[in-house]
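The residues making up each chain are set out below.
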Amino acid sequence: NAGVMQNPRHLVRRRGQEARLRCSPMKGHSHVYWYRQLPEEGLKFMVYLQKENIIDESGMPKERFSAEFPKEGPSILRIQQVVRGDSAAYFCASSPHQGAYEQYFGPGTRLTVT
Amino acid sequence: AQSVTQLGSHVSVSEGALVLLRCNYSSSVPPYLFWYVQYPNQGLQLLLKYTTGATLVKGINGFEAEFKKSETSFHLTKPSAHMSDAAEYFCAVSPIHGSSNTGKLIFGQGTTLQVKP
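Chains as they are written, first to last, in this note's numbering: chain C, 2 to 115; chain U, 31 to 147.
So here's chain C without its partners, still in its complex pose (with noise of 0.2 Å):
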């Protein structure tokens, strides 16, 4: 099996530009989530989400950062109008069950902010 795709691994943008960051769970799961890695610290919770439904965005920026997870295709993390503070390493980690169960985590995508 498959484990958690992330692409693309390096992205690159100006000031002001979208970023879309994708990720395929593994196979058989239904559940995302997603969370950011800022420099020099640990992850930091952003949104949980199940097919077509957000479930827990309590750690999601209140402005500029959007995320879904379609009935078909990736779930996919939207940072509209990009600054140097959003520069980090996002990483998704999918998961057989809702609830507090191990998650398995993609190699993340680095974000860099010119």
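One or more of the hints may lead you astray.
Claimed, not checked - FRET-style restraints, in silico, Cβ to Cβ:
{"#": "1", "chain 1": "C", "residue 1": "Glu73", "chain 2": "U", "residue 2": "Ile90", "range": "42 to 48 Å"}
{"#": "2", "chain 1": "U", "residue 1": "Pro147", "chain 2": "C", "residue 2": "Gly4", "range": "28 to 34 Å"}
{"#": "3", "chain 1": "U", "residue 1": "Ser114", "chain 2": "C", "residue 2": "Arg111", "range": "22 to 28 Å"}
{"#": "4", "chain 1": "C", "residue 1": "Pro97", "chain 2": "U", "residue 2": "Thr85", "range": "21 to 27 Å"}
As the list claims (entries may be wrong) - Taking lysine to aspartate or glutamate pairs in the EDC-like style, the calculated list, with each CA pair at most 16 Å apart, reads:
{"#": "5", "chain 1": "U", "residue 1": "Lys88", "chain 2": "C", "residue 2": "Glu103"}
{"#": "6", "chain 1": "C", "residue 1": "Lys45", "chain 2": "C", "residue 2": "Asp57"}
{"#": "7", "chain 1": "C", "residue 1": "Lys52", "chain 2": "C", "residue 2": "Glu69"}
{"#": "8", "chain 1": "C", "residue 1": "Lys63", "chain 2": "C", "residue 2": "Asp87"}
{"#": "9", "chain 1": "C", "residue 1": "Lys28", "chain 2": "C", "residue 2": "Glu73"}
{"#": "10", "chain 1": "U", "residue 1": "Lys79", "chain 2": "C", "residue 2": "Glu103"}
Just so you know, the hints here were simulated from the structure itself, not pulled from any lab data.
All C-beta atoms, glycine included, are put in the ideal place defined by N, C-alpha and C.
Fit chain U to the known structure of chain C by using the hints.
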């Protein structure tokens, strides 16, 4: 709010020496507990987890951790360090709030393990 504290952002040991990485959590209700390892430019890999049952849990690569409720701790150990253990280690908790728990992980700041030859 729940939090996770990893004592020591950098730990250095000699090859063959004991590895001890410390993790404490703050929660009135013991959460589920995890240790993940991250190699440079890679994602996180689960080392081990504690949910219920035996408080000493064994993981991959010879690592183990013991859940101590009285100390709100979940320290990670390995009897003998190997060069390949050099990586960043993250302790994480998943809050349990009955039917409303969503499984999100709360991570500590991470500990970088250096293994000297």
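Item to check | Hints violated by the structure (numbers, ascending) | outcome: Going through the list in order, the structure violates hint 1 alone and respects the others.
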